[in-house]
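2 protein chains.
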Amino acid sequence: MDIICIRRTQLAEESHRQDSVNLLTFILLLTLTILTIWLFKHRRVRFLHETGLAMIYGLLVGVILRYGIPSTSYHNKTPPSCTLQAGPVSTVLLNVSGKFFEYTLKGEINLREIHSVEQNDMLRKLTFDPEVFFNILLPPIIFHAGYSLKKRHFFRNLGSIITYAFLGTAISCFIIGNLMYGVVKMMQVLGQLTDKFYYTDCLFFGAIISATDPVTVLAIFNELHADGDLYALLFGESVMNDAVAIVLSSSIVAYQPTGANTHTFDASAFFKSVGIFLGIFSGSFAMGAVTGVVTALISLLHLHCFPLLETALFFLMSWSTFLLAEACGFTGVVAVLFCGITQAHYTCNNLSEESTKRTKQLFEVLHFLAENFIFSYMGLALFTFQKHVFSPIFIFGAFIAIFIGRALNIYPLSFLINLGRRHKIRGNFQHMMMFAGLRGAMAFALAIRDTATYARQMMFTTTLLIVFFTVWVCGGGTTPMLSWLHIRSECKRLDQCPIIQIILASSFSPQDGAQSEGQSKTKQESAWLFRLWYTFDHNYLKPILTHSGPPLTSTLPACCGPLARCLTSPQAYENHEPLQDNDSDLILNEGDLTLTYGDTAITANGASSSSGDSTSEDALERELDTREHELLSRGTRLVFPMEDHA
Amino acid sequence: MDIICIRRTQLAEESHRQDSVNLLTFILLLTLTILTIWLFKHRRVRFLHETGLAMIYGLLVGVILRYGIPSTSYHNKTPPSCTLQAGPVSTVLLNVSGKFFEYTLKGEINLREIHSVEQNDMLRKLTFDPEVFFNILLPPIIFHAGYSLKKRHFFRNLGSIITYAFLGTAISCFIIGNLMYGVVKMMQVLGQLTDKFYYTDCLFFGAIISATDPVTVLAIFNELHADGDLYALLFGESVMNDAVAIVLSSSIVAYQPTGANTHTFDASAFFKSVGIFLGIFSGSFAMGAVTGVVTALISLLHLHCFPLLETALFFLMSWSTFLLAEACGFTGVVAVLFCGITQAHYTCNNLSEESTKRTKQLFEVLHFLAENFIFSYMGLALFTFQKHVFSPIFIFGAFIAIFIGRALNIYPLSFLINLGRRHKIRGNFQHMMMFAGLRGAMAFALAIRDTATYARQMMFTTTLLIVFFTVWVCGGGTTPMLSWLHIRSECKRLDQCPIIQIILASSFSPQDGAQSEGQSKTKQESAWLFRLWYTFDHNYLKPILTHSGPPLTSTLPACCGPLARCLTSPQAYENHEPLQDNDSDLILNEGDLTLTYGDTAITANGASSSSGDSTSEDALERELDTREHELLSRGTRLVFPMEDHA
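Line by line, the protein sequences are chains A and B.
Quick note on numbering: the first sequence equals residues 1 to 646 in the UniProt record's numbering.
Quick note on numbering: the second sequence equals residues 1 to 646 in the UniProt record's numbering.
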C-alpha cells in the first residue's frame, strides 16, 4: 500500500515538474521574442513583424525539441489498457490492487497514435489542450480588439464592415468549401486520399480559413498610422469575421451529425444550420451588450476613490461575460467582443481617469502576452504536433482557393457597397484589403480544436502553413504594399519615445500646417439608421448609463418626468459646458470635420448638430488624439534633427 | 461509432458548460465581494476586513450550493470501474467498443467516497485542484508581498525577523506537534479516533498551522498606517514563515516515508529532513536572487521607450523564477518571494517611471484578485468540500495548541532578541505580535494539498476553522487592539481619496509640525553584518545592476580598472549629484534619522556615512513617503473639516 502511495506521489511530482519545464519553455520563448522585438524596434527593422518573429522562434524551438532532445519518456511501454462495455464517460475508477484511482477523460485516441504515445511523451505534453486557446488566450485578444476599436471610424463604416464580415465571410466560406471539394475529388481520383473527406469537411475548412486576423492588421496599421477609414474597414472586418467564423464553423459541425451517414446536401439541415447561426450570433451579441450595460450601471456607483476596485470589477465583469455566454451555450468570444465595444462606449466614461488607464494597460499586457504566446505556439506546433498530414495537392489547392475566395469577397462586395456609399472605397483600398487578408490566431484555434479525424488533421496542417505564409509574406509586405498603392507613405517611428513626443510637441505649434491629404477620406456615410441610433444613444442611453450626456429630464417627454429624474445621475445636471461628444462625427458633414481636425482647442466648433455635451476627459482625449494625428502626418514631410537618435 | 462520437462531443460540451458555470460562480462571488468592499470603504465600516467578508460570502454560497440546489449529477450511477494489475500510472487507455479513449490520473479515492462521487457531482466539480493554489494563486500574492516590502524598515529589523521566522516557526511547529500528539493519544484512549494518526502527522499539522498570514496583516496595517517597525516585524515574519512552513512541511513529508512502518523517532531520518530543509530553502533563495539579478541585468538595456515590453518582460521573468524553481525541485513560492525582494531592490530602479507604475499596478490587481479568490474559496470549502472530519476534541486542542505555540514563539524569542537589540521590542509590541498571528491562505493551501487520509482530512477541517476564527476575530480586532495597547490610534481613512490627499497636501506646509511621537522607535539595529552588506551592495552591486550608484571605477581598486570601466553603465558617470540613497538609513544613527524624517527637501542632510548617491526618483519617492507619513501622523491629531465627506 505504501509503495503505491509513494509511486503516486512520485508520479504527481514528476508530472508537475514536467509541466513546469514545458511552461518554462514557452515563457523563455516569449522572453526571447520580447527582447528581439525590442531590438527590432530599437534598430527600426521593419521587414518582419513581431508575430512573425514569435513564429520563427517557435519553429526553432520546435526543431530543437523534436530532433535535438532524446525522447525523455518516463514510461517506456504502451499505457495499460482495459476494456469497458459502456460508452465513454467523464470519470472512470480503476481498481489497482484494492485501491481505487479516479481517472478523467482526456480524449479519443486513434489506434495508430497509441504507438506515438509511448514514443514521445514530452512533445505530447507540449501540445496544449485546444480549449486553452478558446478559454484563456483568445478572450483577452478579442476583448482588447473590441475595447480599442476606434469608435469614430468604426461607426462611420459600420455598414461596409458588416457587409464584408457577414456576407463576405459566407461567400468566402462557400467558395473555398466548393473549390476544396473539387480538390478532394481530384485527390480521390489520383488515389492521394487514404481516408474519408466529406463535403461538410470542406465547408468547415472554408469556415475556419475565411476569418482574417485582426492581430497583425491591428499591429501593423497602428504602427504605420495608415488611413483611418482603411484601418477601420480592415480591422472591423477582421474582428467581426472572427465572430462569424466561430459561429459558422460550429453551425457546420451542428449540421454534420444529421447528415452523418449521407454527407449530401439536405435543405432542412441547411436551414437548421442557418437558424443555429443566427441564434448563436444574436444571442452572443445580446449577452455581450447586456453585460456591458450592466457593468456600466455598476460603474455608475461612486467607485472613483478606489481605482483598484474599479479595475478589478471591470476585469471580472468582462470575464464573466465570456463565462456566462459559454454557460448558456452561446459563443464566449463573440460576446466578449461586443462586451468590449459596449464597455468602451459606456463604462469607460464612468471610470476614473486612473482606472481607465489601469484597465487599458492591464488588457494591453494580457493581449500582448496572449498574442505572442499564440504565435510562438503556432511555430512550435509545426514540429511538435504529431498528427500532421502533409498533402501537397491539398495545400496548393487551398492557397489558390483562399486567393479566389478573398477576391470574390472583396471586389464584388466593394462594387455593391460603393453603390450605396457617398464616399467610395477606391481601387487601391480594395487591393490593400485583398492583400491584407492575413490568416492568424483564430484560424489556428479553430483548426486545432478538433484534430481527431484524418480530414481534420490535413486541414490543421494546411491552416498552419497558410498562417505562416500570410503572416510572413503578407504581414511583412504590408509596408511596401501601402507605399506601392500610394495609400500613405510610412512615417518613421520617432513618435514612440516620450522624449521625442515632447520635443515634437514643443517644436511645432499646433496652429501651423493645414491638413492637406487624407481629409477627403474622412467623409462619413451618415445613413438615417445611424442618425437614429446616434440620437437614441445620445439622448437616452448615455444619460442613463454614464455621467455624461444631457439630463434625461430634458430629453424625455414631460410625462416621464419622475422616471427621468430618478434615472438621471446628479452629475448630469452639472455638465453645463456644451462640449463636443466624440461620436458626434457621425452626423457631422465634411466641412465641420476639417475644422475639427485642424482645431486643437477643447471648445466646441459650432458643428451643425453637435448639440451634445460630454465629459471633459472625452474632449481632452480627443484633443490629444487630434494633436498626435497632426504631428504624425507632419512627420512624413519633415526631416527631424533627431533622426539618428539611438 | 457515430453515436459514440456524438456522445463524446456532448460529454465534452456538458463538462465545458459545467466548468463555465463553476468559474462563473466564483467570479460573481468576487464581484459581490468587491462591491461590498467598496460599500464598506465608502461607509467606513471597520469591524470586518475584506478577506473576512470574502469568506462570509463564500460560506453563504456554499450553503446555497449544498442545501439549496438539488443534486444535478448528470451521471446518476457509480462510475464504471475496471481492474488493473500494475500500479497507478498517469495515463490509461480504455477500449470502448473498439475505440480507444485516453484517461488521465486525477487522484486516489477512498472506498467510502465512491458513493459520494455519484451523489453530488457539482460540489465535487467546485472543488479545485489544490495545485491551482500553489501554482496560480499563491505566486502573485507572495511576489507582491516581497515586491512591496518596505525596504527601510525591513532591513533594519532583518535579524529579528529571521529569528522569529525560522526559530520561531520551528519552535511553534514542534510545540504544536507535540501538544497535538498528546491530544491524539487522549482521543485514542477515549475511543474518538477511528483511523491512524501518527506522530509525523501531528508534526505536519504543526508545520502547516504555524505559518502566520501576511495577507490580512498587510492589508490591516497598511490601512492603519501603524508603526513602521511593528509592521516590518509582523509582515516580515509572516512572509518569511510562509516560506519556512512550505519547506518544513515538505521536509516532514520527506521524513515520513522512511519511517512509514514505524512512525517513531529516527535520528538519521531527522537529520536528513533538516538537510532537505536547508537544501531546499537555500536553493530556492539562491534561485530567486539569481533570476532577480538576471532580470536587473536585462532591464539595464534601453527598454525605456517601450513600457509595454518592459512590463511584459518583468512579468515573464518573475513567473519563470517560479517555474524554474519548481522544475529544479525547489519551492517556487519561496523563490518568487526572494525574486520579488531582489526586483524591488535592483530591477525597479532600472525601469522607466511608466513601467514601474504599470508593473506595480499589474501585480496589485493580480494580488487583489488572487487573495479574494482564496478567501472566498475557503468560505465555500467549508460546505462544498465533502471529506470533512469534525472532531471537537481535536479542534479544541488545536486552538489551545496554537495559542501556546505562538506564545512560546513570541515572548521567549523577544526576550532573546532584546538582549541584542539597541532598541528593544516593547511589551505592547509583543502582545500585538501575539494577537496578530492570523492563519490564512498558506495554512489553507498546505492543508488542502493532500486530503487523502483520515488524519489529513481532520487537519484540513481544523485548519479551516482556525483560519475562520483568526481572520474574523483577530483580524477584526486588530484596530481595537492597537488602540488598547496604545500603539497608535486609528487615523481616519481620509487619505484614501486623491482629492483629499491634494487638499491635505496643500493645507499643511511641509515645514510645520515636529515629529513628536514615533521617532524613538525608528532607531535602527545597524549591526556590523548589515554595514558590510550595505557597503558591498552600494559600492559594487548597485553600480553593476542598476543605473544608479557610484561608478565602479571609483569603488573598485585601481588594478580592476578595465573591468570596472566595462561594467559601469554610461549613466553612472552622469549621476554626479550626491543624492541620498534610500537604504542608507541602515547605517545612519538616530539623530540623522530624526533629521531625515523632519526634512522634506531632496538634498542630502549630512548623514555620517551617506556618501552614496542614487537616482532622483529614489529621492523623490522618499520625499513623498516622508510627507505622507507626516500628513498621516498629523491626521490623528487634527479634526478635518471634511470629516463628513461621503
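Derived from the structure by calculation, the hints contain no laboratory data.
Each hint should be verified, as a subset may be incorrect.
It does not matter which identical chain is used: a pair holds within one copy or between any two.
[Claimed, not checked] In silico BS3-like cross-links for lysine-lysine, where the CA-CA straight-line distance does not exceed 27 Å:
| hint | residue 1 | residue 2 |
| --- | --- | --- |
| 1 | Lys360 | Lys41 |
| 2 | Lys360 | Lys272 |
| 3 | Lys196 | Lys272 |
| 4 | Lys387 | Lys360 |
| 5 | Lys357 | Lys41 |
| 6 | Lys387 | Lys357 |
| 7 | Lys196 | Lys424 |
| 8 | Lys360 | Lys196 |
Here is what the structure says about each hint:
1. For the homomeric pair Lys360 and Lys41, the shortest alpha-carbon distances inside one copy (22 Å) and between copies (25 Å) are both at most 27 Å.
2. For a Cα distance limit of 27 Å, the shortest separation of Lys360 from Lys272 qualifies neither inside one copy, at 40 Å, nor across copies, at 51 Å.
3. Taking the shortest Cα distances, Lys196 and Lys272 sit within 27 Å of each other inside one copy (24 Å), while across copies they are farther apart (61 Å).
4. Taking the shortest alpha-carbon separations for Lys387 and Lys360, neither the intra-copy value of 39 Å nor the inter-copy value of 43 Å comes in at or below 27 Å.
5. Taking the closest pair of Cα atoms, Lys357 and Lys41 come within 27 Å of each other both inside a single copy (24 Å) and across two copies (22 Å).
6. Proximity of Lys387 and Lys357 under a CA criterion of 27 Å is satisfied in neither setting, with 44 Å inside one chain copy and 45 Å between copies.
7. Taking identical chains as interchangeable, the C-alpha atoms of Lys196 and Lys424 are never at most 27 Å apart, the minima being 46 Å within one chain and 82 Å between chains.
8. When the C-alpha separation of Lys360 and Lys196 is checked against a cutoff of 27 Å, the pair qualifies neither within a copy, at 48 Å, nor between copies, at 55 Å.
Violated hints for the displayed structure, listed by number in ascending order: 2, 4, 6, 7, 8.
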